[in-house]
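Student: Single-letter residue listing:
There are 2 protein chains.
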Amino acid sequence: MADLPASVALHEEGPREGFQIESSDIPTARKVAFIEALAETGVRQIDCVSFVNPQRVPGMADAAEVAAQVRKRPGVRYTGLWLNTKGLMRALETPLDIVGAIRLTASETFCVRNTGMNIAQTIDEQRRWLDVYREKRIPVEWGYVMTAFGCNFEGYIDPAKVVAMVGQVLDLATESEVSLRGVYLADTVGWGTPLSIERGIGAVRERWPDLPIGLHLHDTRGTGLANAYAALRLGVRQFDTTCAGLGGCPFAGHKGAAGNICTEDMVFMCEEMGIATGIDLEKLIECARMAEEIVGHPLPGKVVRGGSLAPYKRQAAAR
Amino acid sequence: MADLPASVALHEEGPREGFQIESSDIPTARKVAFIEALAETGVRQIDCVSFVNPQRVPGMADAAEVAAQVRKRPGVRYTGLWLNTKGLMRALETPLDIVGAIRLTASETFCVRNTGMNIAQTIDEQRRWLDVYREKRIPVEWGYVMTAFGCNFEGYIDPAKVVAMVGQVLDLATESEVSLRGVYLADTVGWGTPLSIERGIGAVRERWPDLPIGLHLHDTRGTGLANAYAALRLGVRQFDTTCAGLGGCPFAGHKGAAGNICTEDMVFMCEEMGIATGIDLEKLIECARMAEEIVGHPLPGKVVRGGSLAPYKRQAAAR
Numbered sequence: 114m115a116d117l118p119a120s121v122a123l124h125e126e127g128p129r130e131g132f133q134i135e136s137s138d139i140p141t142a143r144k145v146a147f148i149e150a151l152a153e154t155g156v157r158q159i160d161c162v163s164f165v166n167p168q169r170v171p172g173m174a175d176a177a178e179v180a181a182q183v184r185k186r187p188g189v190r191y192t193g194l195w196l197n198t199k200g201l202m203r204a205l206e207t208p209l210d211i212v213g214a215i216r217l218t219a220s221e222t223f224c225v226r227n228t229g230m231n232i233a234q235t236i237d238e239q240r241r242w243l244d245v246y247r248e249k250r251i252p253v254e255w256g257y258v259m260t261a262f263g264c265n266f267e268g269y270i271d272p273a274k275v276v277a278m279v280g281q282v283l284d285l286a287t288e289s290e291v292s293l294r295g296v297y298l299a300d301t302v303g304w305g306t307p308l309s310i311e312r313g314i315g316a317v318r319e320r321w322p323d324l325p326i327g328l329h330l331h332d333t334r335g336t337g338l339a340n341a342y343a344a345l346r347l348g349v350r351q352f353d354t355t356c357a358g359l360g361g362c363p364f365a366g367h368k369g370a371a372g373n374i375c376t377e378d379m380v381f382m383c384e385e386m387g388i389a390t391g392i393d394l395e396k397l398i399e400c401a402r403m404a405e406e407i408v409g410h411p412l413p414g415k416v417v418r419g420g421s422l423a424p425y426k427r428q429a430a431a432r
Numbered sequence: 114m115a116d117l118p119a120s121v122a123l124h125e126e127g128p129r130e131g132f133q134i135e136s137s138d139i140p141t142a143r144k145v146a147f148i149e150a151l152a153e154t155g156v157r158q159i160d161c162v163s164f165v166n167p168q169r170v171p172g173m174a175d176a177a178e179v180a181a182q183v184r185k186r187p188g189v190r191y192t193g194l195w196l197n198t199k200g201l202m203r204a205l206e207t208p209l210d211i212v213g214a215i216r217l218t219a220s221e222t223f224c225v226r227n228t229g230m231n232i233a234q235t236i237d238e239q240r241r242w243l244d245v246y247r248e249k250r251i252p253v254e255w256g257y258v259m260t261a262f263g264c265n266f267e268g269y270i271d272p273a274k275v276v277a278m279v280g281q282v283l284d285l286a287t288e289s290e291v292s293l294r295g296v297y298l299a300d301t302v303g304w305g306t307p308l309s310i311e312r313g314i315g316a317v318r319e320r321w322p323d324l325p326i327g328l329h330l331h332d333t334r335g336t337g338l339a340n341a342y343a344a345l346r347l348g349v350r351q352f353d354t355t356c357a358g359l360g361g362c363p364f365a366g367h368k369g370a371a372g373n374i375c376t377e378d379m380v381f382m383c384e385e386m387g388i389a390t391g392i393d394l395e396k397l398i399e400c401a402r403m404a405e406e407i408v409g410h411p412l413p414g415k416v417v418r419g420g421s422l423a424p425y426k427r428q429a430a431a432r
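First to last, the protein sequences are chains C and W. In terms of the working numbering, the first sequence is residues 114 to 432. In terms of the working numbering, the second sequence is residues 114 to 432.
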């Protein structure tokens, strides 16, 4: 199809998204082994850990140890997340590849409830972050607009709000003389459907036709890959994904804890449609199995169970 | 969007698809209660049981009892499946709404491996079925072409083969003076992606622009709802789905046992995109929870865990 991109870049967030909600009993060495295995699949960027309060997120208490022990593979970036300056300082002490971002939220209510700051205050805070990044020579690559497709407090998000926030992100970048790679739209709480994805992307494209767009999608209500397909049709070539759908849990008891779209399911769909991912699906499936062993319960991914089509294609070709 | 249909019809296959692979210890009364609960959601057709050899499919040993005990709700059709004349005779002794079909397969190898008959023999067999349906005044509504998007033996299925099989189905219908409602394309072993779905539907539409098309999709590799969305964009308004994604299992041990696309996930996506389903999502979610209790393990559906957006929309409207 003329509109599908020739290739996509997938940012693997499994280790961070996954282990931050799983048990704190997972040995550091297992987390390290998982990250190292992911690096062998062809993924180019792995979000490894978050530097947060270990009391609140016990699964990340060993963030610094994980970061220190990972044997890096050339050509792969190992990133992390922080929520405050203390977290960034901890991150900078590790061998991780520290990359900054500009993060705003389309829903002011979500913003206030999550951070205590309204949008204007958040913009000021992002300015302070950009000062820090400049001072510490930390590259800034992507902007992010959260709750871009819906918010549990505000409901549907008018694409005009998303456009306004993208505009604010771009203004902040210009102010700081940062050249962004593009802006991510995040479906933070899983409200998106292919239609709202198309509308949101369309509204942004109308203002900035050449701005690369990324998508951060959660599969809370099962529309994740359909949303990704809608975005691929519009030429979007940048997505966050998690191996095995880490970050979510299929058990009824974990209501609402739905992970990002699953990396291997996305790789399968893309490769089958002629979109290059640069990722070895068979190796990635092995990583997904490893992830399930590590967390000790099934994860939502489908290809980890159904397998790729490779054995059948070989069999068919041999007939 | 101009191309999305105003409404869709979903054929609920959960009881049949699901209970035929689950334990044979499920009490008949539970299966009956589940079917009756589904009938309260607005679904218009429920595939309840299959009349098959109870030695081979112990989960269906009580098919006749289930069929006899279900208290039917007016306006809902309660159907069943059979594989041979013996099965049909058993089905006819029950109060079920017996509906016939014309079933062919695009992959000859799949056909032979599954039934021992090649396509020509299968066509003759379908003629014999049509004679039986005529004799017994059993309505025939849909044609089906299985492995329409791929086959584990033959690999990719050329859309030309699908077109040929649709043609055969329509010829059989004409021969028997049956007026079909349309033809289903079935992704029997989960090879489909949005692109191959579009190509297959496109090829059929090129020959028969006004032929209603139905889709029977399996979510083996996670592309189920993305495939459904691709079909919706092409105006397809008829789908088979299963409550909670019954027929599949998230456990690694059940490799490859992937169910149909999940009814409530499909209802969520459709309703959110302005496509009427006639189904009460909240009641359907209750059915999905019931399904998980009955089978005793998590099922793949996402909305059963994430919930609908209704409470958040109410909250947002109240602010």
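Quick caveat, the hints were computed from the structure, so don't treat them as lab data. Keep in mind that the hints are not guaranteed to be accurate.
Note that the list lumps identical chains together, so a pair holds whenever it fits in one copy or between two copies.
[Stated by the list, open to error] Derived EDC-like pairs: lysine to aspartate or glutamate, alpha-carbon spacing no greater than 20 angstroms straight-line:
hint : residue 1 : residue 2
1    : LYS396    : GLU254
2    : LYS249    : ASP237
3    : LYS426    : GLU221
4    : LYS426    : ASP271
5    : LYS185    : GLU153
6    : LYS426    : GLU267
7    : LYS426    : ASP210
8    : LYS249    : GLU311
Student: Each hint should be assessed against the structure and marked as holding or not.
Tutor: Evaluation of the provided hints:
1. Proximity of LYS396 and GLU254 under a CA criterion of 20 angstroms is satisfied in neither setting, with 28 angstroms inside one chain copy and 45 angstroms between copies.
2. Taking identical chains as interchangeable, the C-alpha atoms of LYS249 and ASP237 lie at most 20 angstroms apart only when both belong to the same chain, with a minimum of 19 angstroms there against 77 angstroms between chains.
3. For the homomeric pair LYS426 and GLU221, the shortest alpha-carbon distance between copies (16 angstroms) is at most 20 angstroms, but the shortest distance inside one copy (50 angstroms) is not.
4. Proximity of LYS426 to ASP271 under the C-alpha cut-off of 20 angstroms is restricted to the inter-copy arrangement: shortest distance 14 angstroms between copies versus 45 angstroms within a copy.
5. For a Cα distance limit of 20 angstroms, the shortest separation of LYS185 from GLU153 inside one copy, 10 angstroms, qualifies, whereas the shortest one across copies, 56 angstroms, does not.
6. In the homo-oligomer, the alpha carbons of LYS426 and GLU267 lie at most 20 angstroms apart only across protomers (8 angstroms), although the nearest pairing inside one protomer, at 48 angstroms, exceeds that limit.
7. For the homomeric pair LYS426 and ASP210, neither the shortest alpha-carbon distance inside one copy (39 angstroms) nor that between copies (40 angstroms) is at most 20 angstroms.
8. In this assembly of identical chains, the alpha carbons of LYS249 and GLU311 never lie at most 20 angstroms apart, being 38 angstroms within a copy and 50 angstroms across copies at closest.
Against the hints set out earlier in the document, violations occur for numbers 1, 7 and 8.
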